[in-house]
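Peer 1: If you want the building blocks of each chain, they are given just below.
There are 2 protein chains.
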Amino acid sequence: MEKQFFYEIEGNAKSQEALLLGETIFHNANGYIGIRGAYEEGYPPEYISIRGQYINGFYDITDMKQAEALCGLIEKKQTMLNIADTQSVEIWLGGEQFSLFYGTAKEVKRSVDLKKGVTLRKIAWVSPEGKEISLQFRRMTSFVKLPLFLQEITLTCHNYEGEVCLISSHFGEAENFCDPSDPRVAGEKTQYLFADTPHCQGDISLILAKTSRSGLSLCSGVAHAVPAGFEKQTVVKDKKAVHKITGKSVKGKTLRFYKYSWFSDSIRCGNPEEETEKKLKKVMMQPVEELYGEQEEYLSDYWEKSNLEIEGDEELNSAVHYNQYALLQSVGKDCYSNMAAKGLSGEGYEGHFFWDTEMYALPCFTITRPEIAKTLISFRYRTLNQAKENARKLGHKRGALYPWRTINGEECSGYFPSGTAAYHISGDIAYSVAAYYLATNDVEFLCEQGAEILLETARLWVDMGNYVDGQFHIQDVTGPDEYTCMVNNNYYTNLLAKYNLEWAEKCKELLMAEGKWEALSKKINLLPEEIEEFKKAAENMYLTYDEALDINPQDDSFLKKKKWDFTNTPKENYPLLLHYHPLALYRKQVCKQADTVLAHFILEDYQKLSTIRNSFLYYEGVTTHDSSLSTCIFSIMAAKLGMVEKAYDYFGESAKLDLFNTHKNTKDGIHTANMAGNYMAIIYGFAGLRIKESGLYLSPCIPDRWKSYQFRFQYRGTRLEVKVDKEGCRIHRLEGKPVEIHLHGSPVLVEDDIRLYKRQEDK
Amino acid sequence: MEKQFFYEIEGNAKSQEALLLGETIFHNANGYIGIRGAYEEGYPPEYISIRGQYINGFYDITDMKQAEALCGLIEKKQTMLNIADTQSVEIWLGGEQFSLFYGTAKEVKRSVDLKKGVTLRKIAWVSPEGKEISLQFRRMTSFVKLPLFLQEITLTCHNYEGEVCLISSHFGEAENFCDPSDPRVAGEKTQYLFADTPHCQGDISLILAKTSRSGLSLCSGVAHAVPAGFEKQTVVKDKKAVHKITGKSVKGKTLRFYKYSWFSDSIRCGNPEEETEKKLKKVMMQPVEELYGEQEEYLSDYWEKSNLEIEGDEELNSAVHYNQYALLQSVGKDCYSNMAAKGLSGEGYEGHFFWDTEMYALPCFTITRPEIAKTLISFRYRTLNQAKENARKLGHKRGALYPWRTINGEECSGYFPSGTAAYHISGDIAYSVAAYYLATNDVEFLCEQGAEILLETARLWVDMGNYVDGQFHIQDVTGPDEYTCMVNNNYYTNLLAKYNLEWAEKCKELLMAEGKWEALSKKINLLPEEIEEFKKAAENMYLTYDEALDINPQDDSFLKKKKWDFTNTPKENYPLLLHYHPLALYRKQVCKQADTVLAHFILEDYQKLSTIRNSFLYYEGVTTHDSSLSTCIFSIMAAKLGMVEKAYDYFGESAKLDLFNTHKNTKDGIHTANMAGNYMAIIYGFAGLRIKESGLYLSPCIPDRWKSYQFRFQYRGTRLEVKVDKEGCRIHRLEGKPVEIHLHGSPVLVEDDIRLYKRQEDK
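Read top to bottom, the protein sequences are chains X and L.
Under numbering that gives the first Met the number 0, residues 0 to 762 are what the first sequence spells out, in order.
Under numbering that gives the first Met the number 0, residues 0 to 762 are what the second sequence spells out, in order.
Keep in mind that the hints are not guaranteed to be accurate.
One copy or two, either will do: identical chains are not told apart, so a pair holds if it fits within one copy or between any two.
Heads up, simulated BS3-like pairs for lysine-lysine below, C-alpha to C-alpha not over 25 Å straight-line [what the hints assert, rightly or not]:
#1 K396 x K561
#2 K75 x K188
#3 K392 x K64
#4 K722 x K304
No lab work stands behind these hints, which were simulated from the structure alone.
The structure displayed is predicted, hence computed values, not measured ones.
Only chain X is shown next, with the shape it has when bound in the complex (with noise of 0.2 Å):
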């Protein structure tokens, strides 16, 4: 068991695609800082790192020139940066430097503990020259104190006494990665980061930055603890602060050396500089072995409140509990901040933020950590004036059209067919309102934040559709999919506008009994016609749906179109973006990922089970899961169709995508979406966890290969551990009230203690 939170490469990796992974598999990051896993000590200058630190939120301002000028097209965007290098410590043996590219590295271990929550990288190494060496770097990025990040280098001498220097530097001008031979990453150097020179206070070095446009400033601090007998010397070099750490070795015995580095930025505090040094002194007066209690305590309560275990399939296992631990380094803690598509663990998607939060992250947070959905929700609260902007750049009187992808809540989506058109992103977050609130009973935050978004987001649907033949119709948009752009009526995007309008008429009916409405219908000039006009739109809202196949189509003219030419596809074509002109694929019936299915996962009760088996089957034909955010819904469908080995290969797939870094690119950064559809895929898809108005649902199935699988979820207060293997079904009462579950469909007062229950035939 313990194992699988111990995730280990062994090998001394020199190949320049291990070392770029590496980078993105072993970060450290706690959902304010990232830092990629390069080497303390670098590589040899011919390799590539993309040697990076980040803040969620953290951004400055960009052009994007559009190749012809349209009214409207974005033309600037956020990109998250890259801060100051804090991690590099070179460790000098008399004339010799340690690296892993010279002399003879006897073992190299690398791994990360989810437990612990540090990274550890073990070395045994002989100098050109034979000096034995034991190193060991540890690192930690608290999940207490955000703005920390520890390293800590222990280096035992077997054969070698003399001068041991560290060499450690803190640079203030950082530069995002570019390649100019990819055409999805920067092209050119920029620099948006000026430094001040660096600024020391005793052997702290502290550098303010400021980016060149979004008027954003961040301080960086760095500070060492060192053995007995070790001085410390700091120099300042242009932007460099070098902090040089010398004393001699005696064989045999083990050297501690520990760097600190703090951040503090001007988004969350007055003045970053003031708040850097002060902290970073006072974290140095508490004893490292706390700092590491504290941060186990928090994982200690993170894994009891989602513990997840596979019996039968260790590796899965192991990759399971890697994706939640990545999730939960993924995720901002406050509302300055979201989860970017790679979480903070690379520059792909420019630190974006996309509906992945909603769809992807919030149905596993809701029910482990409500209250990290909570601030997450509260993200897309603080933004929502933007998204109205945004609306009315769109040509909308009233309503938010919420950006498709964005760090500080303005639209930076350049190519609007696959962009901006996704409008679904707004039901995606109003579905993501409706579902906390279902799932927690949260009527406060319902009231005070929840409905305002809501009700925007509801105009927003009112004001762009229109009716035809007294349906309500949606033009022009762009659904999941992004092989499909620009359709009408597509069946994901009206079926949740249908359901957001029906929460702005619910929310209504909450805020009432609270005694809240008057005052929020007052603040945003809601007319009581508009309620009306919601309700008039959700009952006549228009779903795609053929009878002969007993589908629902993706769009309006979806089943019209040729379906793609697999059979002479080659595999090397794959993934089809990266080959084919957006029109070749629009063309054709082809998806990238779910779309259709999608719908049928969150909102199963709109249609008919035979429609969603057969749509299943209808999709999965043409679908490429080129999008990391496909497999895993495929395998939830799948699942509830009775499909459990399709949908074991589903997960199987879902699961592996990083850690195998299967879509090849994981070296940009970890697929948060997908690691978070992983998780839904046991606990939504193999459990059948659903949560609806009409309460709690649970249809676990288990797959062959497995013994048994358990998992822990909260719902309302209550706490539930769900133990599924081949006999049945049990399901414990670990805290708070007694709740129902409707567990096949019938429902199951849990009460005290545990039930046992025999699981129904598969469907």
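Given chain X, put chain L in place with the hints provided.
Peer 2: Okay, now just chain L, sitting in the frame of chain X:
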């Protein structure tokens, strides 16, 4: 009558707007070179001038970065270059320099003489010190010697005797116009042309300049002829050759100076420098009066063949003549060039060739100067291979997709939804091949070039379309209307595709009769079953039709959209494209221009008259005419439908567009398609000319205001003159065999002399 061939403006125009407008209106061009009508002596530095000289088809390549990189999106484009500046001449009288911006201009007249083919600028000026002079600048770009630009400066000093000096310069590295504040033109200066040091041969200066990326070169040569007693001296400064011409004035005596500019480019000749020198020397041997004579003779033939007169509407008559002349100035005279959207009069649309050529210019030239029409089609034939490659890039296994905008045959459209997606351009080109053949019976050209175009474009349609319930559908294209993009079954596109496919089939028969079929089908590997495919697709082509309204909807979903809220759209928000996001436009029923209405004009026999009438009225209600290609078509169709006064109003709007700068962008160049459309509005509109397989059709009507109108055209070698007045219509055979005309539907043979018919009552 004469006055209408002489467009004149009086007054000393010193306003910025008037100067830029004058540069366009009084430009000189001959289809090969174009010189904007800047003042020889320049403007003060605070004035903006688009001081341009252009060569049709001569371009460089420039980057066009996409905001988001997607596979196949265009990232470099061609741009027409502002070549050497040869038009500058300063005039010094003793220490005083002539300029309209100081001293006293007693008279200033600018005109273009449409019969002589020259522009004139006549000035009576008194210098600050009181020198009274008369000046005339006469400029000509020769239609007979295309590389020649001739300037004649006539100077009379009335009260001054003393030194007269002309500083005539020749600068080899002109730059394209840029304006950082206007997103529609280049924002930054880019040096495209790199010139060698000027090379002087006696008093001839030659400058060879090379483009930065397209690998083209150009030689410009300048020489002068001066009055007896004047001396010439040439000095080279950097990239400039300065010709200083000095002598003495005698009171009342007229001095006459000639500046010759000659251009040769590497597209058309092997050694541009040698060619320029040789030809320039040769042309200087020819008496100037002979050069003027050739020009007048050329134009006399043009007016003889395309003469068009409106009696009773002097202003519009004059505008139509100007438009006819500008069209002749704009159109390319060899297969290396075509007709740019702005002709050779400015840098708008970067000198790109669009469908304007086929659907607007060609219908004028096929009936007046068919050899020009043939040359225009030859350009498309020459670039057929690029069109085939373009189709491959878009994922088509066969066929040719012509670029939406191009100079060298490669796509330059940076925004594909209203660029590359406008597949109708391939249909337009195919249509023009058929139209040229029908008007000329030139079966030889069909065999040599036309048929291959018809077959390769036909292949595109069968590759891209698919059958739905037995009908052939075409998905995800953009029709002529750019306010509605990426739709299914655009009526215009589908109808043109049908016609294209029918003609592909027809050309087989025609070529078989000539014994040319086998060779061609072998050359392009055409399989016999492909002809069957063409036939089947044409026969089963799906054409939208709405029974209730009895109209052809613009596409599958057009009628399902909300109508644009015209009532609440302020006047200053037109053109809409400058004030609304594309999505806001796409989602509504609003048209930039004629789309279905244009299809009803060019292929009127494919639907009932009632459908044509209802469609016209329907689309009239939702069309903004924000495109300059629209009012002319609405005029034609209003005339066809008996709404003669409405046709007259549309015609008037079209006629005045550039001369009255009604679209406010004539500074960037004339609107050639509109000028052609304006001519069409008379011949195809009021006179109802149609050329079909079944023969020649005329259904003349006349607006109330006009006393009469008459025009000349040719049809299969027969030249005819038609005169329409309130009484009826006279047709006069000028040349060629007798021909049958369907006059108001009834066949009549136009034999020897003149026949007179009573006009039918309006339908």
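Peer 1: Is it within, between, both or neither when you check K392 against K64 at 25 Å Cα-Cα?
Peer 2: Classified as both; 18 Å inside a copy, 24 Å across copies.
Peer 1: Have a look at K396 and K561 and pick one of within, between, both or neither, based on CA distance no larger than 25 Å.
Peer 2: Between copies only: 14 Å across chains, 37 Å inside a chain, cut-off 25 Å.
Peer 1: Can you give me the call for K75 and K188, within, between, both or neither, at a CA distance of at most 25 Å?
Peer 2: Result: close both inside a copy and across copies, 17 Å intra and 21 Å inter.
Peer 1: Can you tell me if K722 and K304 fall within 25 Å by alpha carbon in one copy, between copies, both or neither?
Peer 2: Intra 14 Å, inter 92 Å, cutoff 25 Å: intra-copy only.
The structure fails none of the hints (numbered hints given earlier).
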